[in-house]
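**Q** Residue numbers (the numbering used here), protein chains in the order written: chain A, 1 to 434; chain B, 1 to 434; chain C, 1 to 434; chain D, 1 to 434.
Hints are supplied without guarantee of correctness; some may be wrong.
Unchecked claim - Derived EDC-like pairs (lysine to aspartate or glutamate); straight-line CA-CA distance at most 20 Å:
(1) A:Lys366 with B:Asp323
(2) A:Lys73 with A:Asp97
(3) D:Lys19 with B:Glu33
Unchecked claim - Facing chain A, according to a computed beta carbon distance under 7 Å, are these residues of chain C, among others:
(4) Gly14
(5) Glu15
(6) Thr35
(7) Gln40
(8) Thr41
(9) Leu75
(10) Gly76
(11) Cys80
Since the hints were derived computationally from the structure, they do not count as laboratory data.
Backbone N, C-alpha and C define an ideal beta-carbon position, used for all residues, glycine too.
There are 4 protein chains.
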Amino acid sequence: MSTFGTLFKVSTFGESHGKGVGCIVDGVPPNMELTEADIQTQLTRRRPGQSVITTERKEFDKVTILSGTEFGKTLGTPICMVVMNEDQRKHDYATTDVCPRPGHAEYTYLQKYGCKASSGGGRSSARETIGRVAAGALAEKYLAQTYGTQIVCWVSSIMDIEIPKDEARALEERCPSREEVDTVGAVIHGEVEKVLMDSNGDWYDLTGKPIAKKAGVEVKGAVLHTRCPHPPTAARMAARIMELRIAEDSTGGIATTVIKTLPAGLGEPVFDKVEAELAKAMMSLPATKGFEIGAGFGCTRMKGSEHNDLFVPAHGAKAGVLDTATNHAGGTLGGITTGKPLVLRVAIKPASSIAQSQQTATYDGKESALEVKGRHDPCVLSRCPPLLEGMAAITILDLVLRQKSRTDAPLHCAQLTGEERELNGRPAKRAKHA
Amino acid sequence: MSTFGTLFKVSTFGESHGKGVGCIVDGVPPNMELTEADIQTQLTRRRPGQSVITTERKEFDKVTILSGTEFGKTLGTPICMVVMNEDQRKHDYATTDVCPRPGHAEYTYLQKYGCKASSGGGRSSARETIGRVAAGALAEKYLAQTYGTQIVCWVSSIMDIEIPKDEARALEERCPSREEVDTVGAVIHGEVEKVLMDSNGDWYDLTGKPIAKKAGVEVKGAVLHTRCPHPPTAARMAARIMELRIAEDSTGGIATTVIKTLPAGLGEPVFDKVEAELAKAMMSLPATKGFEIGAGFGCTRMKGSEHNDLFVPAHGAKAGVLDTATNHAGGTLGGITTGKPLVLRVAIKPASSIAQSQQTATYDGKESALEVKGRHDPCVLSRCPPLLEGMAAITILDLVLRQKSRTDAPLHCAQLTGEERELNGRPAKRAKHA
Amino acid sequence: MSTFGTLFKVSTFGESHGKGVGCIVDGVPPNMELTEADIQTQLTRRRPGQSVITTERKEFDKVTILSGTEFGKTLGTPICMVVMNEDQRKHDYATTDVCPRPGHAEYTYLQKYGCKASSGGGRSSARETIGRVAAGALAEKYLAQTYGTQIVCWVSSIMDIEIPKDEARALEERCPSREEVDTVGAVIHGEVEKVLMDSNGDWYDLTGKPIAKKAGVEVKGAVLHTRCPHPPTAARMAARIMELRIAEDSTGGIATTVIKTLPAGLGEPVFDKVEAELAKAMMSLPATKGFEIGAGFGCTRMKGSEHNDLFVPAHGAKAGVLDTATNHAGGTLGGITTGKPLVLRVAIKPASSIAQSQQTATYDGKESALEVKGRHDPCVLSRCPPLLEGMAAITILDLVLRQKSRTDAPLHCAQLTGEERELNGRPAKRAKHA
Amino acid sequence: MSTFGTLFKVSTFGESHGKGVGCIVDGVPPNMELTEADIQTQLTRRRPGQSVITTERKEFDKVTILSGTEFGKTLGTPICMVVMNEDQRKHDYATTDVCPRPGHAEYTYLQKYGCKASSGGGRSSARETIGRVAAGALAEKYLAQTYGTQIVCWVSSIMDIEIPKDEARALEERCPSREEVDTVGAVIHGEVEKVLMDSNGDWYDLTGKPIAKKAGVEVKGAVLHTRCPHPPTAARMAARIMELRIAEDSTGGIATTVIKTLPAGLGEPVFDKVEAELAKAMMSLPATKGFEIGAGFGCTRMKGSEHNDLFVPAHGAKAGVLDTATNHAGGTLGGITTGKPLVLRVAIKPASSIAQSQQTATYDGKESALEVKGRHDPCVLSRCPPLLEGMAAITILDLVLRQKSRTDAPLHCAQLTGEERELNGRPAKRAKHA
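Using the sequences and the accompanying hints, generate a full structural model.
**A** Structure representation (structure tokens):
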């Protein structure tokens, strides 16, 4: 259904071409400062039309809070947030009335409901995620205020262009800030030209094969957001995306998310393990095809003697709190957070909408071909971080509230660094364990 | 918590060294034939002690149905199934009172609950999965009877030993039977000797490095179950495991699951997408670190024009039912089943219990070393198929019941082959879509 | 929390003096015709300011559907409905910042959340029920269309004025239409005068005690809605309310609800029995203090030999379908509907807001007195029917969807009378169900 | 379904004539002392065969804890408790294969599931409540330990025999102990004789009409448990029951429950109000037909100026905590506990099983008569207190855990009287809470 969470409960609504989209968030901690401005930042980061790399449809996605706050503070009651759709035209996608677009959901919606939204993705559109991003921004604010939790997501690969292994691991360990992801990941269009264009102005793809540059593809001086915080990789990603734009094709990639400075003890055995809840959260986002935590699929090639994270005393922490020398587990043991950062990666499929003509069949069983008109994202990866950060925040806050129900003591973040402690403005305390 | 599912609801209970383990299954379809024999098969497949590859602890895991059936038929009421623990000794793991075992959950249980089971894994032990396997066997029987659904899981890699890519894909397409997985995946011990032993009786690992064979490791004529349905890979897997047994180490691997002949239209947008529910189900199993569906992480390296599954008319099917030429999506679009097989892979971490001495720390913060006594599985992969099959069945049946609530017509399996139709003993019908 | 239901899930939001109120309804059956007009009728019936008996605040409560429909049909996706608040002034109730109003919830909200809405009831205001009424209207439309279900609620007592026992029972048996409730229950103001005023124009209460008539209380020719379908009782109720209005006091009453022509087999043993779900639904409405079904509290004075509803063959029904000679059980046995009408009564407390000065205490523990300004309903009973009808419809539809998940056959309404059959315009044995 | 609760989750299983009955309780607070002895007391109070007033079937109902504890302490993991059925004979009720017993659930189970347990009540039997009583005993222990909460239920009326109004109200205010209910409510058989028998040994009913005393009905010296803590009423109740036993008839009654010394702030607006959750809990018990809280149905006859509980400063309590002069609301405002005692009453229907021959119909639609053999309770009221106390405890603990998730401070019981403080053996303002 359209509701996620047990105590922090997010219900989203809205189709891409209906009147509006949004969410109700229930279980919001009371007495927290909250205005639209707290929400808008992530909605704006999520929004398309930010650069030539992503689609140019204009959406401003201005959020309104309809309930649950008074005088800028939460009441503890449900918060309804709405973003009205500015573009409600229903005719753009009319061909999809006759035959389904490959890779899209109109076929399965028809199988499920016996009907489908006539225009665009309806409920399966990425616009549905606006409600999640709004709810996520709210959750994140609470976690940051209360525990100093930081949640940062970045693009670690696009097609075959990936951050080199060692540097990828180093990034996961130090966890760049969200600002760094946005800034470092922004590639000036000229950088792409340097990669793809030779001195004659002829374009070649990354393998050196000449490509026919279509007019209007590049925009002088434009900023291409990759959200990859590794500059040389970011530039090559931008080039790869430009190639695909020219080829009227698309691709996918991998996004890495780190959640750090979070309480130990989160996750509800046995079915609601922290990694199970995160996997569900991430795999419920459109276009996701894989999820891994810690060493992930890579761990299957390791030996137990390598993979086991050895326990070490945690310097300066109170009795009962241990650290681990490594974090192959990605912050979870037995489905419960250790207090180490949660490190997870999500596979995003190539965008299904491509301008090329594709083979398909009509609903009444005749072969047909389909060209999906309009401007399409060759790669949606750069828009994903607010979605993944949002779902991560929602998931963690729900588990926080569930764990709070179990104890009378405040939850603790076991292994704060000195820097994090200062960030929190309070000592790294922990609950007593007799 | 310990309950999974919305309408088909499975609640498990039990610690590894308590009186017993089991489950309550609620929402069971009434009037279905069911006796302990239907459940026992999968419990027996799950059980350790089946060969020298897995641990030799003896457990018979005999299941008793306490409620919900009469005269061998389900009543529609909750079915409680119990397996009593035969070995309730609590002293084997006493050293874990002082310091946590690396890779195990006693540390996080202590963080979460302020206490932990004193012996073995308690609730985080693999014995907890007995309740799931029992519930899964029940779900599977219903799905097979009603829709002809087949759910088969096999081991596709162990450490670096993996089924070659093309053959792996071919296996996914044809989907071997469970019997084939068990039979073909069973390696006579002599086969391992052929791989690892030279004519002088000296042993070498798979890279040609000599290994010191420990007495008692090999058992003449024993059968080593790998559950890899690709014979040459199975033999090499068995050899790799034998090497690790000798080295007192462990490893992980990847298990592939195929669910075929299932209704189209399953999966509840937006949070309870079929892949989201399956991801949660699988990532809630102990030792799982990654999940992917269809082309999975591999899809991130594809182009949209390659990855999109093109629609084609479904020969012989009724109007409104289409097929796809390929199945890169792994049977789901927009979180709803297409009717094509669901194909998923799960990463299992190296077994945490190894006989080697490992560094750890005492709960009161002193460095320490720990040897976990007893016989340990160097690799748990071969025991996983009943677990994954069980969770898959539970997840799909829950989604089936949820979809049934939406329609007055029986659900249909869109793309039955002639063979499957015979299996079901009825025509491949589908719901009307006006 | 603010969500009700398992498969038909209603989440409400909104404070009385915030921007708006409304709901998300998830699990809506697809392909059903639905426009704002279907919803507005019940919202308008619920609205205050309809007569001098109820408060004169003007609210138009115009509903907008933001999502989940296209071209006037439901898509099966969540339907968000919003009613904007026209009066968002926050100053009317400012004295409640210092001390809580007796009988209101601001004190307990403060205990629970550590804060409270500064104006009026906030979330505990009756405006919250707008979302329920909207969702209920939707549910009701589906039930009426599919099964011919009728849900009618009326006022059976106000303070000591009640429909005589035998006639109350007869009404429950024949179940008046909603139109009858509205029409017959509307008392012309002159009728009240006839009851309370003597030939000299002096007013007396129903016991014959003279009352000081305040100027402006009566409105010549105004219609006083009681929603009591028993004319002599309605007139006396109107008189009693007028007395209380003059006395600046209030009272409560009992509302009776009948749900008829509904499928047998609804209700989920053991915790989600139909009477348990209905009890929760009704007791979740503001101001409700009691619930009973069938003979209710009265059954405790009966003998088993009187109370047991004897089974009789159902003439013309299919084998296996029985009728009962009486319906003391109120349509449920073992928590499952028999197919006979569900008959339930709900006790509503005296309205807490009265114009009289009342004793209270300030939050910091000093004695104080409070006059709650503004016009208040002396009795909210006449506004309750749309609320109770709405909650009944929501509850029953949720149970219908849950039962549908259990069977491949359409649910049936066992015991339609000939009249009901004509009403439904189709044969009795199976609704829709061709 | 068979699961109740959000965080404290109780799932029951078992049919009356299957192998056993019981429950899984999830969300149990860890580190609490718990053994079978803590559970057995209430199970024994619930058990039939305690006196001639109740049925003489022998059931010992010995509970076994299968999981979730170690060394007599809870682990925080699910606790499975089982009571094996000693009498599994299936032939006693064989006539019910042909026609349903009036007032019983076999007819509706058949409508719902298409099948029914062939013997006795199956899942609708009162034996199902064993799991609830066991879970309730556990919940109650936690509440008593943590907050000093007391939950006491007693029988306040049987048929027309009721505690006089004023004394009933006084009892609700002082809340007798459970021991008092059991002791004072136990009527020596001789007392019944004094009421019903004249000096000649002839028996007359309470209205003076002679009754034919059947042999074997009275047992010299036997104790008749009424659980009515008002001696004169208890004696008359016992007499009324004896009359009905002789007449082979049955009756119902009202049970009153008081929950006192509980935290303020419990209850989750808007659907999960404390009275809504309690209503559902109580109405989910077999044979319940009505629920009311505080003044209940009686409040409908009051004026607002009488019914409103006026706030008064709470002497000695902390700032922000108020008391009310009266408790007509029964401890709840806006669905949230005030900290005053919750006072609720539940209507229980006449026992459906009577030895008299009753009219019924066969499932294939022929008229028939049915005599239900065996010994039957003329009135089940005296067995109800452990059921209602159990459901009350389960409901309150679930709401406690939900409220704890909202705050970092321990919950507090606002308004302990001096007497309650002594009872708890600790200071009033904050329970436990060091």
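**Q** All hints are to be evaluated individually against the structure, with a verdict given for each.
**A** These are the hints, each one checked on the structure:
{"no.": "1", "hint": "A:Lys366 with B:Asp323", "in the structure": "holds (12 Å)"}
{"no.": "2", "hint": "A:Lys73 with A:Asp97", "in the structure": "violated (46 Å)"}
{"no.": "3", "hint": "D:Lys19 with B:Glu33", "in the structure": "holds (18 Å)"}
{"no.": "4", "hint": "Gly14", "in the structure": "holds (4 Å)"}
{"no.": "5", "hint": "Glu15", "in the structure": "holds (6 Å)"}
{"no.": "6", "hint": "Thr35", "in the structure": "violated (13 Å)"}
{"no.": "7", "hint": "Gln40", "in the structure": "violated (17 Å)"}
{"no.": "8", "hint": "Thr41", "in the structure": "violated (21 Å)"}
{"no.": "9", "hint": "Leu75", "in the structure": "holds (6 Å)"}
{"no.": "10", "hint": "Gly76", "in the structure": "holds (4 Å)"}
{"no.": "11", "hint": "Cys80", "in the structure": "holds (4 Å)"}
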